[in-house]
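Chemist: Going down the list, the protein sequences come from chains F and V. Letter by letter, the first sequence follows residues 0 to 242 of numbering that gives the first Met the number 0. Letter by letter, the second sequence follows residues 0 to 267 of numbering that gives the first Met the number 0.
Worth double-checking, as some hints may not be accurate.
Part of the chain F face toward chain V, derived, beta carbon under 10 angstroms [unchecked claim]:
1. 59
2. 77
3. 87
4. 89
5. 92
6. 95
7. 100
8. 106
9. 108
10. 154
Don't read these hints as lab results, they were simulated from the structure. Using N, Cα and C, we set each Cβ at its ideal position, and we do this for glycine too.
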Amino acid sequence: MTKPDQAIRIAVDRKAFPAVADRPEQLVLRGVQLTVQEGSFVVLTGPSGCGKSTLLNIVAGLDADFQGHVTFSQDDPKLAFMFQTPRLLPWRTVEQNIRLVLGDDDAQAAAKVAAILDRVGLSEAATAFPERLSLGMQRRAALARAFVVEPDILLMDEPFVSLDDPSADSLRALLIELWNRRPTTVLFVTHDRIEAVMLATRLVRLGGTPASIVQDSDVSLSPADRLDREKVLACRLRLFENA
Amino acid sequence: MALDNQTIRTGRVGRGVIGSVLSGRLVWTLVSFLSLLVLWALVAAILQSRLFPGPLEVGSKFLSEAASGELGYHVGVTLARVAVAFLVAMFIGSAIGIALGRAKGADQFFDTWLIFFLNLPALVTIILCYVWFGLTETAAVLAVTINKIPNVAVTVREGARSLSRDLTEMAHIYRFGAWKTLRHVTLPQLAPFMAAAARGGLALVWKIVLVVELLGRPDGVGRQLYDGFQLFDVSMILAYAIAFILVVQLIEILVLQPIEARVNRWRR
């Protein structure tokens, strides 16, 4: 059971990828216990390939092949997932891509789509097809799509990789703004430690093979501090001193 | 960040470019067509044979057949058979293709069946349909449909095998449901494969329909060609052949190409 202020309780006892051809079975996660508080911004970090994304897919229900359980405080919580690639439908316009995640019976859908497009700065690209836009703009559209459903839980899997620094920074600022405006429970995967410190209210580090939680710290930076590079760097040093 | 207006408008500008390329192609088509006509007239003039009429003779036969309403009637009948057989085959073939592309077990099991029907000569299907169901309209259309279904299924199966798992996961997370997923995620990915199936399929259906008509129908272009053969009326055969080619080209230009352009407009 989960207490009311606990949004997700994750208990993955064992997760392995089955043996294929000449590769033996690969044990990825073992004994990962994590309780996520309602409204917290939890950043999962750790070396590349350690199983962060796998854990996120398990929470999202995309991967059911594991031992353990994931419990949500709410029955059937509304999820949004921002993937490593934007995963927009290339044959639908930006506007249609965002409209599609809202229910057909949603009377306010058009207004919601217009409002979120305006907030992420894509109003003028509303009728463009995604592949005609830059990666940064596609990511904005994916971010808009994630927030327009007003999710109970937002899952993000390295959503800002392979962007140039200014684009990534402006998207992070946009994410902070959207999140402040409508706080929701976020589980965010990244291997970028600066990004982790900038965004997290709680930082969970995975490590080892198979991976388990090796660090779990609260990050108490004010919203202003998060945009201050010096303070973020100082905080990163403090948090990762024994990493 | 603001996307300037020009960038957004490229879609429409792009269509204009396609238009001008088309008109350039039109000139070439015309020149090429006229030279074929001249060559034909020359050969006919040299041979001076009743069995090799020139373009003028065939043209007057075409006009008289058209004026009597015979041409329109028979082409219309054939067109109706093509339309029904084509649509039914596309629908059933696509459904089979999607099912086989998604379910590996079914694919392995039915693969042999597909190969069997793919290699079954069209003539065998036609004869068997007429033998089993009589010389009826249903048997005729059924024979064409059965010939076409395996081709559609094989092409669409290729598409269904390569469906993006990324997009399926996205649709699952955002609760698209079965219908929305089919319409907005699955079918657009299959569109190029279905277009290929339609293209190749239409060409195949046209030809098989003529054989079906020749063997067991009292009307249609195929029947008229048969009558022309019996009377050694080469003008009639060529007049119907030309009518046939015209209709096929019109459908290609007026129906298939616009659909393809619309389906592909999102591509860069």
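Chemist: Hint numbers the structure violates, sorted upward?
Modeler: 8 and 9
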